[in-house]
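K.L.:
Each chain is listed here by its residues.
Number of protein chains: 2
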Amino acid sequence: MTRVAFVGLGAMGLPMASNLLRKGYMVTGFDLNASALDTLEGAGGKRAASASEAATEADTLILMVVNAAQAEAVLFEGGTLERLREGGVVVLMATCPPAAVEAIEERVRQAGRRLIDAPVSGGVAGAKAATLTIMAAGPRDMFETVKPLFDAMGDKVFHVGDRPGQGAMVKTVNQLLCGVHIAVVAEAFALASKVGVDLNILLQIMSGSAASSWMLKDRGPRMLQSHPEVTSAVDIFVKDLGIVLDAGRHTKAALPLAAAAHQMFLAASGRGDGKEDDSQVIRSYYALNGIR
Amino acid sequence: MTRVAFVGLGAMGLPMASNLLRKGYMVTGFDLNASALDTLEGAGGKRAASASEAATEADTLILMVVNAAQAEAVLFEGGTLERLREGGVVVLMATCPPAAVEAIEERVRQAGRRLIDAPVSGGVAGAKAATLTIMAAGPRDMFETVKPLFDAMGDKVFHVGDRPGQGAMVKTVNQLLCGVHIAVVAEAFALASKVGVDLNILLQIMSGSAASSWMLKDRGPRMLQSHPEVTSAVDIFVKDLGIVLDAGRHTKAALPLAAAAHQMFLAASGRGDGKEDDSQVIRSYYALNGIR
Chain H
5 MTRVAFVGLG AMGLPMASNL LRKGYMVTGF DLNASALDTL EGAGGKRAAS ASEAATEADT
65 LILMVVNAAQ AEAVLFEGGT LERLREGGVV VLMATCPPAA VEAIEERVRQ AGRRLIDAPV
125 SGGVAGAKAA TLTIMAAGPR DMFETVKPLF DAMGDKVFHV GDRPGQGAMV KTVNQLLCGV
185 HIAVVAEAFA LASKVGVDLN ILLQIMSGSA ASSWMLKDRG PRMLQSHPEV TSAVDIFVKD
245 LGIVLDAGRH TKAALPLAAA AHQMFLAASG RGDGKEDDSQ VIRSYYALNG IR
Chain Z
5 MTRVAFVGLG AMGLPMASNL LRKGYMVTGF DLNASALDTL EGAGGKRAAS ASEAATEADT
65 LILMVVNAAQ AEAVLFEGGT LERLREGGVV VLMATCPPAA VEAIEERVRQ AGRRLIDAPV
125 SGGVAGAKAA TLTIMAAGPR DMFETVKPLF DAMGDKVFHV GDRPGQGAMV KTVNQLLCGV
185 HIAVVAEAFA LASKVGVDLN ILLQIMSGSA ASSWMLKDRG PRMLQSHPEV TSAVDIFVKD
245 LGIVLDAGRH TKAALPLAAA AHQMFLAASG RGDGKEDDSQ VIRSYYALNG IR
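Order-wise, the sequence lines are chains H and Z. Residue 50 in this note's numbering sits at position 46 of the first sequence; the count goes up by one each step and never skips. Residue 84 in this note's numbering sits at position 80 of the second sequence; the count goes up by one each step and never skips.
Hints may contain errors.
[Stated by the list, open to error] One side of the interface only, derived from the structure: several residues of chain Z facing chain H at Cβ under 8 Å:
{"id": "1", "residue": "185"}
{"id": "2", "residue": "198"}
{"id": "3", "residue": "199"}
{"id": "4", "residue": "201"}
{"id": "5", "residue": "202"}
{"id": "6", "residue": "205"}
{"id": "7", "residue": "207"}
{"id": "8", "residue": "260"}
{"id": "9", "residue": "261"}
[To be verified] Straight-line alpha carbon distances no greater than 30 Å define the calculated DSS-like cross-link-like pairs of lysine-lysine that follow:
{"id": "10", "chain 1": "H", "residue 1": "160", "chain 2": "Z", "residue 2": "221"}
{"id": "11", "chain 1": "Z", "residue 1": "221", "chain 2": "H", "residue 2": "243"}
{"id": "12", "chain 1": "Z", "residue 1": "243", "chain 2": "Z", "residue 2": "132"}
Calculated from the structure, these hints are not laboratory results. Backbone N, C-alpha and C define an ideal beta-carbon position, used for all residues, glycine too.
Excised from the complex, chain H in its bound form (with noise of 0.2 Å):
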């Protein structure tokens, strides 16, 4: 039977540690958080001191950290990739940078382990319910190897290429397409606003037409509150909108679209507006164009 290192027992990674031992997988965890370890205990896991402790001769580690520098620091830094069994894997399911995940294989497998990288989406909810989706990237018999792991955390597992980096890469166009999404939403409403459109007959429309996305339907409503409940921080969106552009850089692609919705949820950011519900970047749009 497998034996799994999870390091990272967040409000993501506990949940997903406890589907793989309902599944039957020993699990030896590791979080800075005490009590995360409780938890894990009490649902028939393994606790560890450290990182290294929990990785000592595990044939899989799964890092599910906040993002690549907390990687870094738990593979590199105290000898937990060395405790790994050799040739054992190294799944980082983290949302990363395309480009540090690429820098990460590498050194991983210069000291003869493996990485697979499987980052998510789908939330808390789908972590606890193992609905997750899984943009798996490497090659094809190691994903084969790790899938039932993910298939005990996910009901939407992908390999989506051969290389590492990919999975990153995949994530990194969803934020693309969502942080766009919402800008746009905020555009359409500053203009409509401008002549005096009732926007929440405008949102009923759009949502019901060929303008429609999961985004407008999610964050339109919000976008009509003053100071709605915050379900995602406009400061994410300037984060990972920030890496959306660092992937284009590093790739050398234009990306205009991204690159204009960055600078709104920026600007809302820098008005003192980051902890807002990312929907009020339409308040960029109304300071811009003097709007209330």
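Given the structure of chain H, go ahead and fit chain Z onto it with the hints provided.
P.N.:
Same frame as chain H, but now just chain Z:
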């Protein structure tokens, strides 16, 4: 019983007029195409030899012509507007720039008639099935008077505001969202293709995620074909995003995403792809970023 004049019996106008006849309205039609008049007669309508003859003593004059210039020619040349019953209502259903609608409405009002602005969406299929979306703007009482006619032609009838031009703005905003949504899918695919991601799998993932849009699902598959069937041409969005930007100029609203998207359609047309399916705006991204 309301006497309706209907000018512009094209692919959409003819089924719309037929739906009015089906509901028992008396419809007198005019179009330069004689065979459309034959069809109208066959459906129980009357044919007129000119727009002004059609409008004579009518209560309502519906215009389903190609653009604002044609609407102006019909109304203000040949005395058509004056033939309409005093206090009669012009129903402008053609897609026109908001500013043009405002100008037309002013001339109609000065001639002692009234205008309601009521562009549609839903295409030929919606026109035939009487399932059009109708976005009407004008005083509420006028809207209520004309609403039975709208209900005969569409099943999503909205009163979007009290001032003519607001309907045209809703249609304009619809095209803003549609055009940017197509362009951003192309931008996303171009970035992903830079690192060799399988675009068919990418499309499948994005279609089921928060990155989804109506346009992603509709145009995405054709974006992956080299010479797809033309359902709507690049040049339509050159024109429609042009109307969007004109509306922005007229109301003094900066529209950075619409402006950037327009450039990509414009460049596609400039390279000779204006008659291609609008999904082929992706070729602008491929050309720009040296892909293929």
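K.L.:
Does the structure break any of the earlier hints, and which numbers would those be?
P.N.:
7
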